[in-house]
Amino acid sequence: SQQGEEDPQALSIQEGENATMNCSYKTSINNLQWYRQNSGRGLVHLILIRSNEREKHSGRLRVTLDTSKKSSSLLITASRAADTASYFCATDDSGGSNYKLTFGKGTLLTVNP
Amino acid sequence: DTAVSQTPKYLVTQMGNDKSIKCEQNLGHDTMYWYKQDSKKFLKIMFSYNNKELIINETVPNRFSPKSPDKAHLNLHINSLELGDSAVYFCASSQHSGYTFGSGTRLTVV
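For the protein sequence lines, the chains are A and B, in the order given. So the first sequence is numbered by the numbering used here: it starts at 1 and just counts up by one. So the second sequence is numbered by the numbering used here: it starts at 1001 and just counts up by one.
No lab work stands behind these hints: they were computed from the structure. Every residue gets a Cβ at the ideal spot worked out from N, C-alpha and C, and that includes glycine. You may find that some hints are simply not true.
Stated by the list, open to error - Here are the simulated DSBU-like pairs of lysine-lysine, each with C-alpha atoms no more than 30 Å apart in a straight line: (1) K56/A x K1052/B; (2) K1022/B x K70/A; (3) K1041/B x K1052/B; (4) K1036/B x K100/A; (5) K105/A x K1009/B; (6) K26/A x K1036/B; (7) K56/A x K1067/B; (8) K26/A x K1044/B; (9) K70/A x K1071/B; (10) K1041/B x K26/A; (11) K1052/B x K100/A; (12) K56/A x K1044/B; (13) K1009/B x K56/A; (14) K1071/B x K69/A; (15) K1036/B x K69/A; (16) K69/A x K1022/B; (17) K1036/B x K105/A; (18) K1041/B x K100/A; (19) K100/A x K1071/B; (20) K1019/B x K70/A; (21) K70/A x K1009/B; (22) K105/A x K1019/B; (23) K100/A x K1040/B.
Stated by the list, open to error - Selected chain B positions facing chain A (in silico; Cβ < 8 Å): (24) L1027; (25) T1031; (26) F1042; (27) L1043; (28) I1045; (29) S1048; (30) N1050; (31) K1052; (32) A1087; (33) F1090; (34) G1098; (35) Y1099; (36) T1100; (37) S1103; (38) G1104; (39) T1108.
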């Protein structure tokens, strides 16, 4: 069964604006990860946040995790046209062994120049 | 270049045929995976291997048989291909944290 659910399914913004994507999940997790997929390409790992962390930053990316609400958000600040891609959250619910990631359906982000 | 490389990138074949997709990683990772991405972009794990041993087989039909000759390789063989097998198949590897994905194999069964 599907674990992560991203919201919104699609998001269109202007360059320079911030983009926020949300992810909800159902079971206990060890960590939650965000990935980017450009059209027709593979997935690129963006950031990992562990279940005992609440917030993490990487460049223009900010990820939050609320385990009580079983939700996470990805904020991209000062967006660029090159940020146009699909963004997926994925949960490691394999007890930390990382043998299985369960992906959400993704958010398609379009950044208009 | 350090990477996860999979071949072929595109594969068009007729129903009933048998085909293989190869995957190699030179990252020294212990764990490798096959994921299937359907037409709605939903990614679902198929198999995971750790040090050549099968760890997860996520209710994949027996027509799909992974083979890991060593921990740097995880190949996927598919027998008697069906229309519903059309998808993008991603190989990936990991070591402790985030995954590194290959660029995918787009399989089209006609």
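Cross-check of the supplied hints:
1. Under the criterion of a C-alpha separation no larger than 30 Å, the hint pairing K56/A with K1052/B is inconsistent with the structure, at around 34 Å.
2. At most 30 Å may separate the alpha-carbon atoms for a hinted pair to count; K1022/B and K70/A exceed this at roughly 37 Å.
3. Distance check on the hinted pair: K1041/B and K1052/B sit about 28 Å apart at the alpha-carbon level, within 30 Å; holds.
4. The hinted pair formed by K1036/B and K100/A meets the criterion: a straight-line CA distance of about 13 Å does not exceed 30 Å.
5. Taken as a hint, the K105/A and K1009/B pair is honoured in the structure, with Cα atoms around 23 Å apart against an allowance of 30 Å.
6. Taking the CA atoms of K26/A and K1036/B, the gap is near 21 Å; set against the 30 Å cutoff, the hint holds.
7. Annotation: proposed proximity of K56/A to K1067/B is violated, straight-line Cα distance about 37 Å (limit 30 Å).
8. Between the alpha carbons of K26/A and K1044/B the distance comes to roughly 16 Å, so the proposed pair stays at or under 30 Å and holds.
9. The hinted pair formed by K70/A and K1071/B fails the criterion: a straight-line CA distance of about 34 Å is larger than 30 Å.
10. Of the supplied pair hints, the one linking K1041/B and K26/A holds, its CA atoms being roughly 20 Å apart against a limit of 30 Å.
11. Among the hinted pairs, K1052/B with K100/A is consistent with the structure: their alpha-carbon atoms are about 16 Å apart, no more than 30 Å.
12. With a C-alpha separation of about 26 Å, the suggested pair K56/A and K1044/B falls inside the 30 Å cut-off, and the hint holds.
13. Between K1009/B and K56/A the alpha-carbon distance is near 35 Å, which puts this suggested pair outside the 30 Å criterion.
14. Only pairs whose Cα atoms come within 30 Å are accepted, and K1071/B paired with K69/A is rejected, the gap being roughly 38 Å.
15. Proximity of K1036/B to K69/A is assessed by CA-CA distance (about 29 Å); at most 30 Å being required, the pair is judged to hold.
16. Between the alpha carbons of K69/A and K1022/B the distance comes to roughly 40 Å, so the proposed pair goes past 30 Å and is violated.
17. Pair hint K1036/B plus K105/A holds up; C-alpha atoms about 13 Å apart against a cutoff of 30 Å.
18. Note on K1041/B and K100/A: the hinted pairing holds, with a Cα-Cα distance of about 18 Å set against a maximum of 30 Å.
19. This hinted pair checks out: K100/A and K1071/B have alpha carbons roughly 17 Å apart, not beyond 30 Å.
20. For a cut-off of 30 Å, the pair hint linking K1019/B to K70/A is broken: about 40 Å separates their Cα positions.
21. For the given pair, K70/A sits about 36 Å from K1009/B by alpha-carbon distance, which is inconsistent with the 30 Å threshold.
22. Proposed proximity of K105/A and K1019/B is supported: the alpha carbons are some 28 Å apart, at most 30 Å.
23. Proximity of K100/A to K1040/B is assessed by CA-CA distance (about 20 Å); at most 30 Å being required, the pair is judged to hold.
24. Hint on L1027/B is violated. Least Cβ distance to chain A is approximately 12 Å, over the 8 Å limit.
25. With a cut of 8 Å, the hint placing T1031/B at the interface with chain A holds, because the nearest CB-to-CB distance is about 6 Å.
26. With 8 Å as the threshold, the beta carbon of F1042/B comes within range of chain A, its nearest partner Cβ sitting at about 6 Å, so the hint holds.
27. Taking 8 Å as the C-beta cut-off, the interface hint given for L1043/B holds, the closest approach to chain A being about 4 Å.
28. Restraint check, I1045/B versus chain A: the minimum CB separation of about 5 Å is within 8 Å; hint holds.
29. Hint status for S1048/B relative to chain A: holds, with the closest Cβ pair at about 5 Å, below 8 Å.
30. A least Cβ separation of about 7 Å between N1050/B and chain A falls short of the 8 Å threshold, and the interface hint therefore holds.
31. Taken as an interface hint, K1052/B does not check out: its beta carbon lies about 14 Å from the nearest beta carbon of chain A, beyond 8 Å.
32. Annotation: A1087/B was flagged as interfacial toward chain A, and the flag is violated, the nearest CB pair being 14 Å apart, outside 8 Å.
33. At its closest, the beta carbon of F1090/B sits 6 Å from a beta carbon of chain A; the interface hint therefore holds under the 8 Å criterion.
34. The closest approach between the C-beta of G1098/B and any C-beta of chain A is roughly 3 Å, which is under the 8 Å cut-off, so the hint is satisfied.
35. For Y1099/B, the suggested interface contact is upheld, since its CB lies about 6 Å from the closest CB of chain A, less than 8 Å.
36. This hint holds: T1100/B has a C-beta 7 Å from the nearest C-beta of chain A, less than the 8 Å allowed.
37. Against a cut-off of 8 Å between C-beta atoms, the interface hint on S1103/B holds, since the closest Cβ of chain A lies about 4 Å away.
38. With a least beta-carbon distance of about 5 Å to chain A, the hint placing G1104/B at the interface is held under the 8 Å criterion.
39. Interface hint at T1108/B: violated, since its Cβ lies 14 Å from the closest Cβ of chain A, which is beyond the 8 Å cut-off.
Taken one by one, the earlier hints fail for this structure at numbers 1, 2, 7, 9, 13, 14, 16, 20, 21, 24, 31, 32, 39, listed in ascending order.
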